[in-house]
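Chains as they are written, first to last, in the working numbering: chain A, -15 to 352; chain B, -15 to 352; chain C, 371 to 666; chain D, 8 to 312; chain E, 761 to 1174.
Calculated directly from the structure, the hints in this document are not laboratory data.
One should not assume that every hint holds.
Chain D regions said to be covered by chain C (calculated; three or more residues, Cβ under 8 Å) [to be verified]:
#	stretch
1	12 to 24
2	27 to 38
3	77 to 83
4	115 to 121
5	126 to 135
6	166 to 176
7	259 to 268
All figures in this text were calculated on a predicted structure; none of them were measured in a lab.
Cβ coordinates follow ideal geometry from the N, Cα and C atoms, glycine included.
Listed below, chain by chain, are the residues.
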Amino acid sequence: MTAIDMAIRAAAANITLSGVTKAYDADTTVIPPMDVELGAGEFTVVLGPSGCGKSTLLQMIAGLERVSGGAIAFGDREVQDLEPKHRGCAMVFQNYALYPHMSVFDNIAYSLKVSGMAKAERIERVGAVAKMLGLSDYLARKPGQLSGGQRQRVAIGRAIVREPGVLLFDEPLSNLDAQLRHDMRVELAELHRRIGATTVFVTHDQVEAMTLADRILILNKGRIEQFDTPKAIYHHPASVFVAKFIGAPPMNILPVTGDGAVLRLADGQVVAAARLTGAYQLGIRPEDILLDAKADGHKLTSTLRFREDLGSHAVLAAELAGSVVRIATPFGADVSDHGQLSLHFPDSRLHLFDPASGRAIPSAFGAN
Amino acid sequence: MTAIDMAIRAAAANITLSGVTKAYDADTTVIPPMDVELGAGEFTVVLGPSGCGKSTLLQMIAGLERVSGGAIAFGDREVQDLEPKHRGCAMVFQNYALYPHMSVFDNIAYSLKVSGMAKAERIERVGAVAKMLGLSDYLARKPGQLSGGQRQRVAIGRAIVREPGVLLFDEPLSNLDAQLRHDMRVELAELHRRIGATTVFVTHDQVEAMTLADRILILNKGRIEQFDTPKAIYHHPASVFVAKFIGAPPMNILPVTGDGAVLRLADGQVVAAARLTGAYQLGIRPEDILLDAKADGHKLTSTLRFREDLGSHAVLAAELAGSVVRIATPFGADVSDHGQLSLHFPDSRLHLFDPASGRAIPSAFGAN
Amino acid sequence: MMSESSLFSHRWLPLLLVAPLMLLIVLFFYAPIFQAFYWSFFLERPFGGGSMFVGWDNFIRVISDPEFWEAGWRTIIFMVTGSTLAVAIPLILAVAADRKIAMSLPARNVLVWPKGVAGASIGVVFAFLFNPFAGVLAPLNSIFPGIWAPGIDGTDAFITLIAAHVWGGIPFNFVILLAGLQSIPRSMHQAAAMDGAGPWRRILDVQLPLIMPQLFLTLVLEFTESVTSAFALIDTITKGGPGGSTTLLVYKIYTDGFSGYDLSGASTQTAILMVFVVLLTAAQFVFLGRRVSYDR
Amino acid sequence: MIENARSLNIAASFILIAGIAYILGPLYLTLSTASQSYEFILRNGLAWLPGDQLFSNMARVFAETHIPIQMLNSLAVAFGDALATCILSFLSAYAIVYFRVRWAGAAFALILATIMLPIEIRVITTYQVASNVFSPLNALLDVTGLNELIAAYFGAPVKLEWSVLNTHLGLIAPLVAHGTGTFLFRQFFLTLPKDLFKAARMDGAGPIRFLLDILLPLSRPSFAALFVLTFLSGWTQYLWPLVAASTSDMQTAVVGLARLVPDAEGEVPDFPMIMAATIIVSIIPLAMIALLQRYLVQGLVLTEK
Amino acid sequence: ANIEFWYGNTGVVETAIQAQCSAFNAAQTEHHITCVGQGSYEVSMQKAIAAFRAKNHPVLIQFFDAGTLDLMLSDAVVPVQEVLPDVKWESYIAGARAYYETSGGKLFAQPYNASTLLFYTNKTELQKAGVTETPTTWEEIIEAARKLKASGHACPFVTDGDTWRVLEQFSARHGLPIASRHNGYDGLDAGYVFNTTFAAKHLQNLVDWRKEGLVRLASDTKAGNFTAAFNAGECAMMENSSGSYTASAKAFEGKYELTVGMAPMYKGYERHNTLVGGASIYIMKGHDKAEIEGAKAFLDFVRRPEQQMAFTSATGYVPVTSDVMDAIAKSGEANTPKYATAAVGIGSMNEPRTPDTRGIRLGFYVQFRQVFMEETQKAFAGGQTMQAALDNAKKRGDELLRRFEQTYKGVKLH
Ligand SMILES: Nc1ncnc2c1ncn2[C@@H]1O[C@H](COP(=O)(O)OP(=O)(O)OP(=O)(O)O)[C@@H](O)[C@H]1O
Ligand SMILES: Nc1ncnc2c1ncn2[C@@H]1O[C@H](COP(=O)(O)OP(=O)(O)OP(=O)(O)O)[C@@H](O)[C@H]1O
Ligand SMILES: O=P(O)(O)OC[C@H](O)CO
Ligand SMILES: [Mg+2]
Ligand SMILES: [Mg+2]
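Pulled out of the complex, with its shape left as it was, chain A reads as follows:
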């Protein structure tokens, strides 16, 4: 662990938002009052569809946007009225926003220069960061002469060189192609493991969220839908919104009706036994659906529409009770095209949601 890692780890603080709201103009509230605490050293991914307020939230933490109400604290320190530079947090931007006219060295060193650090010390600090990020050979280049991955590293270097306690990322990977994105993700995870800054990472890519986060904060129209570990979010989505938002292909959602004994699909087929009455939304993940189940559970008859073969696995789309259901089959099981499919939904994998509020109804079928 280098000196920089240690300094950052020491500076890491928890972030507390209390009743934070944001309205850009009088009539539209982008963020209704929000209370949340992000642990010190934790890697939080903020996930949500476009326009839900992710960047706004991040920029309020950074101090680039004023809060319309409420308070933000880093540790015990209330920061909502401080200038960005006095908050001790650093940020990596979507397209990195490197200064195109400065060399890599100058890009990284700029914040140190602004803060009046002596040249010798600057060189040392930038050198250490550059080494850590594998940028030592590129210090003299301009951003235009770097690859996407190298640029990202410069952007990160620029952010961490000041040993911030809070590290913020606003969709830093969204401009990269799939390959590079994957590599960058891995690098980021490693980096966080090493330096342990309190990190807030904004994205609308769920793979990024799943792989990077200690906890994921899912936003929908400025409200927190769920804030939990990736596993919990995947396996226990708190709402239909979360359920459909996470997972590719997403969770299948089907309308069902309970008659006090069983749940039935729209066409009357029985899905599961349950002591419930009334209309519900039933959710099941594509990979949880069993094909040609030998189990003695309820069998559902559906018609195969088409298949996408992804090499590692295939996704089937089948018509069931008037809806399309996607089924992920492990490692390329051979299913004849366009035939009848017999499906089984294991009880332990079922999710039930209130059709009005969309919130999950917990423990409807025992634990899973």
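Mind docking chains B, C, D and E with the ligands on chain A? Use the hints.
Showing chains B, C, D and E with the ligands alone in chain A's frame:
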């Protein structure tokens, strides 16, 4: 099937490239002589890293770039000297290149108008295409008022309205976010199933390639690495390049040495029995590696480095004989962090490559 | 625009930053304009001393003066024809220079040259160029005597002015329009080519619509520029003649004020011209600007 | 692209040749006339064909006119105008785009309005102001009655006097009072990625550092384009320098040039010398165009928003 | 003291003025004069106006004839005769005095570069066409013109139709008024009358003669400039200021023979004086004693015979004091081209005068000149009849006069 579908299916022709070369300037040949035949009505995906010549190839077929040598034929018709408009093919561009000043209707109708079609007929044709693409309600809008997905459909509408025999796509999905990309992919597949134009689709996204293609043409620095069905490419990659390019995470490649009886890793562990001598590259896909194998095969000992949990499955990174090996475990098997892992590489899943040329050595371990 | 609250929030610094320019503008733009408006309500003695408030008298006098209307009308004609040509010709040149042809490179350089030559010094040459006996149109005159006589015939003098104005207007508009054409993405041309539109057709269907913002910008600037450029040219080529046929409002204001010592009348006309130019520019924004689409 | 664009390319070539001829025609006449003798001109009017007197005519310009010295004034005016315009426009556009101030829109409108009314229209009253730049202040004090108060207390009203006529400052300042530069810079700033601004703020840069370290280096092409354009228009200004400079050693070369055409009817202008002078006067701006032409197109690409 | 003098001339005249200024500075040590050329009379005056309002105007300013009344009423200048009471003002020729003196007979401005209208012919060309006698009347001119035309000469007579030439000087020497109240000398309530006098007929004649090809206007000539056309030999006769003599003489040298005489009369009209043209020097108010002393010294200096002679020989402008005529006579060069215009010019100005030929004392007269040009040019171009043009010019001119009257309400005419 509509009238347009039928017309396009009738026009579909095979595309034959004979010794086609391209050099933008004297010293750098972008495409060395290439021979390939794309079947009539076939959906060919051209896949390769950035700068490998995908767009160049497409544009030569379209007539937007001149060939430096060789011939291109659609059916029996040599087209390499024809102007784009006389080739009877249509193209969808990366950013769609919709005319921002024209309405959706005018965008789609433009080629018909240029060709001098009567107004009444134009309205009818565009109406049919719009209906097919679900654009009927948007005909009066400008592209700026459409969502990404709608724009793509307009771009496709513009391409198919002329009933082209050949439909070309240059990375039409690369500007979309993951969600939309997925939906568009499905729409495209359906569309091709319906109209059956000979389609060439350029991308550097392998998921796109796998899900859309009848056959994938993999380019590397202007050369064809492999041209085969997705399944064949995934399961029988013709070279290390293809093996590493397809699959996420990509195939693990490890150096092995044969002593005439067994293949050993760098640290001496035995991977498989084989009557081979000398150095080889051994390939195995992450999802083909078995954990804690009960099988009686060769056991390999490795150390777990970290894991990425993707909900539907997890990816483990383990250190084996000095290399990092990625393992995909089905549906979230629980593995303790940072421990020892015992791995098994099933013989039937192994790929062997020549270390010098990188080409696959077929049937090294019998069929798989 | 950026969100309000993410901007710097200093109070005095921005004031300090705009202050120098604002001070100059207030001093040398608004104060003179105010003064002109002020004078337009007075009968001002040239050397000062007595100045009499006359209410709207000056305006009534100016408005009931047919010369004023004629000059105003000429100004409009000059603005419309002059700026249309001074945009259309550079447009044609820019479309041509946008192509990859041998002439394109020298053209891009040479076409900017007039910007470096003062209208006041080139006027003499234009006067000669259009001289009925020695100029380019002299052969025409020897066939049809008197057909081209800018010294006698007002229309001919007007044409001379416009030719000189367009000459001087080419560089700026050419540069702006060329910049606009060059920022049209290549794929837009390719898409149109695939749609079967040949290069000629693409000019109309793709290039022109896509440089609307630049066209609009040049037109708006050209409208006011035509007022400015006209002055130096009139002063060196026609002096407003023959028979006042090239006396545009700017020149009339200048001569009324400078050689006629009619400060009040000149100020009144200035005031009217200002209102006119402002209205005209506003109208351009309303009628043309609305049609300009900035989508790319 | 594989298509037959020959007809268009030929047409385009012809158009460009015509355009070049249109531009060069008058310039050629200038040159050919400049190379003839006065006697030739007396007999023939301007010359279609070049003669051999170019250098002697140029020598006469140096020997007999103030133009070489006036070119120094032109240089000072054009340079001062360009520099001041660039700097002041840059600063004001900066304040308008990057600061949260309620008056930004109004300030921009006030600045932009100057584009609509050229100095030629308001030259008379501008002259009045230039002859005493404090006159608006004095008038204000008078109108508001402040001056009566002051007079009551201090015995005399405030009457400040400062004429900038016949000074370089006076030649330059009214030309700078113009909004094009602010407009150009504002457009340019709006095309810069917003994140760049935010990144600099995260790095701790305040307004001055951001201005100097980030904005200024990035604005170089726009700066250059604006500088060239303003320099050229400053150099070719006619009416304002004509009016604002009263002594010949303060006048600019273009005014000096126009003065070579005699006012009295008694003489035939010495066109060869005038044209030779035109050439001399145009050398600096033309050289400037030749050198900086590429920045013009580059720096003026105003991609909207 | 250090003083400034603003003038409007350019070209040869400017050179001569600058020479005079240097001579003055060299001749004494007490004062230093800076002579500033403003490019034209108009610009010079406008600047003087603004400068006067800003109180940084020069002591001395030169202005041309047409602006006389504007300056007299400006309250910005002091009559020279008041400042320099001891000068022998009687030595100024009557023609020059009349134009610039107050009703009390005091000179308001010191005549400086004085000129008057003369008639120039290219004797060589006339002789070629068989005209041996230099014409002196319009009738003779037209006869000669017809001969010239018959012999193939394209441009017999040339003028620019300038107000000064075709209206003011014509009316004066034919004894015709331009405006009522003796051309305004008697009050600000004058009105224009030229559209009813014989001048209207003359102008109509010019239109007809032009149609016939006997008379050309400046714009009908190759050079686009009537003086140039005459100087180049393109035109055979012209009416022009004495100030253009030097240039013509220089251009004719070795090629043509030049004659210069008094401007032509119509037969049956008695010749009266022509008006003094050119410009005179005014002393501006608001300067201290030392500066006034400097101004006086300069005015005295340029009045000196040798200075006037040098100026005349350099420019063709006419000397205006009788002692200079004597000096010229004594110099023995009286008949050389150097002083060719002096005698004839003075002679022309000294012809008998009437109250209508003293000069022009009309307000906003500079602007009227433009109005007149504008309207008559339209007539020459065929856009309207000459009479209509003159009626229009009168109407517009009267409006100017009325506005002037209103502007200077309550100001006494000197
Ligand atoms: N400066 C602004 N002024 C007014 N509204 C704004 C501003 N910035 C953002 N908004 C609005 O606030 C909402 C949230 O915007 P925000 O940028 O936080 O979304 P986001 O979640 O980051 O979206 P994306 O994934 O597209 O980046 C949006 O509806 C947006 O239109
Ligand atoms: N107009 C051109 N002139 C010169 N070289 C070119 C031109 N267009 C492409 N090239 C070069 O040809 C090679 C292939 O380019 P091409 O655009 O076909 O790649 P690509 O596979 O489509 O890449 P990408 O995935 O980035 O779009 C590249 O090295 C590129 O630099
Ligand atoms: O050409 P000038 O100098 O003789 O002057 C002629 C008239 O007086 C001008 O008003
Ligand atoms: Mg965002
Ligand atoms: Mg490409």
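Evaluated hints:
{"no.": "1", "hint": "12 to 24", "in the structure": "holds (count 10)"}
{"no.": "2", "hint": "27 to 38", "in the structure": "holds (count 9)"}
{"no.": "3", "hint": "77 to 83", "in the structure": "violated (count 0)"}
{"no.": "4", "hint": "115 to 121", "in the structure": "holds (count 4)"}
{"no.": "5", "hint": "126 to 135", "in the structure": "holds (count 9)"}
{"no.": "6", "hint": "166 to 176", "in the structure": "violated (count 0)"}
{"no.": "7", "hint": "259 to 268", "in the structure": "holds (count 5)"}
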